[in-house]
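Enquirer: Here are the chains, one letter per residue:
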Amino acid sequence: MQTEFLFAGFGGQGVMFAGQVLAYAAMDNGKQVTWIPSYGPEMRGGTANCTVVIADEEIGSPLVNHPPAILVMNLPSLEKYEPLVKPGGVLVVNASMVDREVQRKDITWVSLPCNEMAEEAGDKRMANIVALGALLELLPAQTLKDIEVALKAHMPGRHKHLLPKNVEAMKRGAEYAKKHARKAK
Amino acid sequence: MAREMWKGNEAIAEAAVRAGVEAYFGYPITPQNEVLEYLSRRMPELGRAFVQAESEPAAINMVYGAACTGARVMTSSSSPGISLMMEGLSYIAGTEVPMVLVNVMRGGPGLGNIAPSQGDYNQICKGGGHGDYHPIVLAPASIQEAVDLMPVAFDLAHKYLNICCILIDGSIGQMMEPVILPEMQPVVRKEYDWAVSGAKGRKRHVLSSIYLDVPTEEKVNLRLLGRWREAQANEIRFKEYFLEDAEYIVIGFGTAGRIALSAVRAARALGIKVGLFRPISVNPFPYKRVEELCKQAQSILVVEMNTGQMLKDVETAVRTRVPIRFYGRLGGVMPFPDEFVHEIQEMIKNPGKPEDDPADLWYQRMMAR
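Residue numbers (this note's numbering), protein chains in the order written: chain A, 1 to 185; chain B, 1001 to 1369.
None of these hints come from the bench; they were simulated from the model.
Okay, the calculated bits of chain A under chain B, using three or more residues with CB under 8 Å as the criterion:
#1 24-35
#2 59-73
DEER-style ranges, computed between Cβ atoms:
#3 L139(A) x V1188(B): 48 to 54 Å
#4 D56(A) x S1208(B): 54 to 60 Å
#5 I1236(B) x K185(A): 50 to 56 Å
#6 G1271(B) x L84(A): 23 to 29 Å
#7 E1240(B) x L75(A): 43 to 49 Å
#8 K179(A) x E1240(B): 47 to 53 Å
#9 N29(A) x P1351(B): 40 to 46 Å
#10 V1333(B) x D99(A): 30 to 36 Å
Using N, Cα and C, we set each Cβ at its ideal position, and we do this for glycine too.
With the sequences and hints as input, model every part of the structure.
Expert: As structure tokens, this is what we get:
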């Protein structure tokens, strides 16, 4: 059993960290896991992305061309990755930075205003965590509780006080996805 | 021992510390910067030597000097930086002193790019520096394997008084995986009768790679060859997957090897009896084992992130016993498993003849795409 996730957005939107949190949660659950960044010049200002593979056995390739779960935080990432979602897979879109709907009919998707929802939950920097909550609602590879435990264990000390807000942000993302997701046809 | 998430470069650095590295000299270059960055903090913490040199040639010559004391010493760099170190590496080989080199390969030639590549296989395995010398080269495919090989690399360097290289690419350097790090070993300075350790009360030790007396230089070369032959006999390492009943065999090292594992699993799911052979010691290369595999293989697929550099070693082992197919991606392109699955299927459909030139046929296919 193996599942692959791709997180994409602008540098600074927290896509690398969102992927790491998921990777930590999977590791803490005894899974095999890889986290690999795209580390081209695009890390500085352009689009950034990372791929997380979670598996029960030794992981081969850390990259796949059609991940079953993709999270995009901005329009360039949606343009690039919408066509790549595995048919029947899931796509989470940060509507705060994207002004169009998802075109694919063969995937389950949700578009949610992560920036505003994060701000309502207490800190606009948590847009990535709102989106991660939505992603895990659509593809429950790890539970929200697992993520909470991973956040607690691996968040830098200076950010630990933000843990309750992050948990709240994640829950709001998951609830939104539960209500508003469009199912694959 | 705890399973912890580590970035490849940092894990390698910490594993070197635990293997008892006493001195590190280096110069920054992407995608291996984190080795340097990590050790710049960690080494002084332990009272060990860390120097960021003014250039790669300076760094490798500092390594050369420190290696003459018999201490565990290392450097790390990436492709263009390794090229700059070649003179020093040849001098180290010629002086018969031990060192560990970590090479995090990137796309080339020239300045190239910072994406993962395997284009420096020949450079590191077949020379690069001048003269008849053979570094021991280990090519891990995961962070766990890399950290497990760090203490081995120091042991081999000191056992054979040779350069031992850990050869990885930027993807292993940059990715994160859970690893169990090796135990912390105490720093032990071996008592060598050649080491420069302060000559008070004894005859001076002179270490050099200069032998103006030609017959003496020939003897030195034979001594190097003798140690290399011992390494060839004793230091073969590889990993095999699904080979028991395999009729087709994929061979790849490092990252191409681990991508091939995904491809082999996918092909198995399609009912194809295919297995994977992943050399870990790429120098010395496991020629004998590859030769044995020809008995069970109908054909062999070699995959690399270069134009077929290891392919030549596979061909040396296979000779023309079975057909070989080659597939390579270049310049920093990381292949997807699907590409390898396609190649496995094509190989079965059209196995070709044992005397075909796989690199030539691959080039024709690449140009026709």
